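Since the structure of chain F is provided, determine the placement of chain P with the ligands on it from the hints.
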Amino acid sequence: MARSFTPKVVTANALLEGDAVWLTEDNTWTRDIREAELITDEAHGDLRLLEAQARADEIAGAYLADAKSGEDGPEPTHFREAFRTRGPSNYHHGKQAG
Amino acid sequence: MYKYNDFDEAFVRSRVAQFRGQVERRIDGSLTEDEFKPLRLMNGLYLQLHAYMLRVAVPYGTLNSAQMRQLAYIADKWDKGYGHFTTRQNIQYNWPKLQDVPDMLEALADVEMHAIQTSGNTIRNVTADHFAGAAADEIEDPRAIAELLRQWSTDHPEFQFLPRKFKIAVTGAAEDRAVTKAHDIGLRMVRNDAGEPGFEVIVGGGLGRTPMVGKVLRDFLPKADLLPYCEAIVSVYNLLGRRDNKYKARIKITVHENGLEKIQELVEDRFTTIRAGFSGHDQELLSEIETAFAPPAFAAKPTDGYEAARLANPAFRSWTDTNLSEHKADGYAIVSISIKKHGATPGDATSDQMRVMAELAEKYGHNELRISHEQNVILPHVHKSDLAKVYAALREADLATANIGLVSDIIACPGMDYCALATARSIPIAQEIATRFDELKIEHDIGQLKIKISGCINACGHHHVGHIGILGLDRAGVENYQITLGGDGTQTTSIGERAGPGFSAEEIVPAIERLVTGYLDLRDSPAETFLQTYRRLGMEPFKAILYPAEDKANAA
Ligand code: HEM
Ligand code: SF4
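Line by line, the protein sequences give chains F and P.
Residues in the first sequence are numbered consecutively from 1, following the working numbering.
Residues in the second sequence are numbered consecutively from 99, following the working numbering.
Next up, chain F with everything else stripped away, as it sits in the complex (with noise of 0.2 Å):
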């Protein structure tokens, strides 16, 4: 058996604005993680960040996260992961603001 894969997001910065965006089933990049592509197969997760580092100029940084299957779609599993979901602790803002 192979050994486990824990399920994975492939997430990145935004261009221009910089602030967090998941990449969908669709090739699109959402900046709501519940609307990302949960990837459960390790070299389909390859892929698919091979596939979103080529898009130089829409994104920066991309990399694979971890993440499990919520009620609404994908979730952060650690608090680092969850941060980049709202913003930070210290003002409303970033996408907690909306």
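Computed Cβ-Cβ distance ranges for the label pairs, DEER-style:
(1) P:540 to F:6: 43 to 51 Å
(2) P:175 to F:32: 23 to 31 Å
(3) P:204 to F:31: 23 to 31 Å
No farther apart than 20 Å at their CA atoms in a straight line, the calculated lysine to aspartate or glutamate pairs in the EDC-like style are these:
(4) P:360 to P:317
(5) P:195 to F:58
(6) P:135 to F:57
Chain P stretches covered by chain F per the calculated footprint, using a threshold of three residues with CB under 8 Å from any CB of chain F:
(7) 141-151
(8) 512-525
(9) 566-579
Source of the hints: derived by calculation from the structure; they are not laboratory data.
Bear in mind that the values here come from a model prediction, so they are computed numbers and not experimental data.
No residue lacks a Cβ here, since even glycine has one placed at the ideal position from N, Cα and C.
Just chain P with the ligands now, kept in the frame of chain F:
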């Protein structure tokens, strides 16, 4: 203050134009991020967790009112109406959009400011004592030297790709307010036996994952030799410094691995060669720069009303007790404006607050402002007869917190609220500690106490040199905070010692409260500071306070 000459002006403008082109090419896709990253970093532009961040140098921490107003304007026009002042006398904007950055840099150039060499493996913004030119304990204003170093190091062709970043700090005073012993090069002005001013040259200090106290490379360096000597140090480091491992690339490791003696030999050798090539032009330049830093025309007038106002207003009195320092001119005081209101983000000022500070500097402060490495703003030259008016205006702007040097005057790096390298948050911890001690109403009783917080091992929040240092870590996917004790960033620099296992985000503030109230019982008199008590008693009693359960377990 130093004014740009035609060369400076043309250089900064051409860099803005270059960067404008680079940003355009990045946006149209002709530059990849890998190609663009080193270019943006050369211009102080980082990519953080939620946005880009632009780091602007405040050379040796000095600003005039027009510059402060421009910083406010930039915050309003292209950011979210505030800026974050950092321990390296920079200001950081947390929300710029890529396409706006060239305009921001253009607006900075309009007031002789820039973001060049605020990142990358170059000689960074030269920092200085924030009381420079005003401190009573100063030999000479060190900013002329800092400006000379800035001109020499900016775009220096030999030093654009050093093994790692390189930080220089200068002070002209006996009391070290510039943390010179935690810099790659620290310069402390001293006098030789003949009474001439020169420098004690300290090398190889640094914080980060391997904190080290700088070592004295030269007891006394004549002022005239400063530039060739610094060039010798950097050029020796440039060749000898490790490029194979970025964690071993700072000069502190070069000095540690090669030994001080070998570095001394190499530097002195190189210095002899280099000095021969210095034909005196640097000294002409220095004397020109020195005239630019001539002290303002201090007024000789009575300090009428100051004592009366102190007596009449206890809040004003308390503020004068904590936020003023001794000035070298009669009748003057140095005002430290706290941008550490209890519960607020350390180092953040709104654009309105920036404008108020600019106006106060213009009206009452000979047009000068300083940014301190402790993330506060200084009005270096205020006549005592104006202090009551200054205080009243600061109060209106929510800037009159009387806490300089106290437990709530906390240094905190941006941590995981902004920084992509962070392992935990630091700002909320600072906010909670300040709020808690404000509720307890004991901070004046506690006295001098420096708490410094970093959100990762890089130590941007100076935690190693905090009397109490807090380091935020990621322990198995949960924020965890480690405490160090006994750090000191002054002339008696020491690196704090780890107290023991870390605390969770919920436990850390109560732990700090326990530690500080416990100290009140341990000190031998109210005059003994936390650091002095720690130095007298050592770690054990503090450990017992921090980990009471373990203590009982051991006793059982
Ligand atoms: C984008 C945000 C930042 C990044 C990526 C960053 C990166 C780093 C890194 C990697 C180090 C360790 C260097 C080494 O040990 O070789 C470091 C050290 C340091 N940084 Fe930052 N930093 C950031 C923000 C700040 C801020 C906001 C401040 C000021 C409040 C600051 C001041 C310092 C200081 C004082 C040190 C330790 C002194 C030393 O260089 O040894 N940095 N930083
Ligand atoms: S100490 Fe770490 S978390 Fe804090 S600003 Fe520096 S790199 Fe970021």
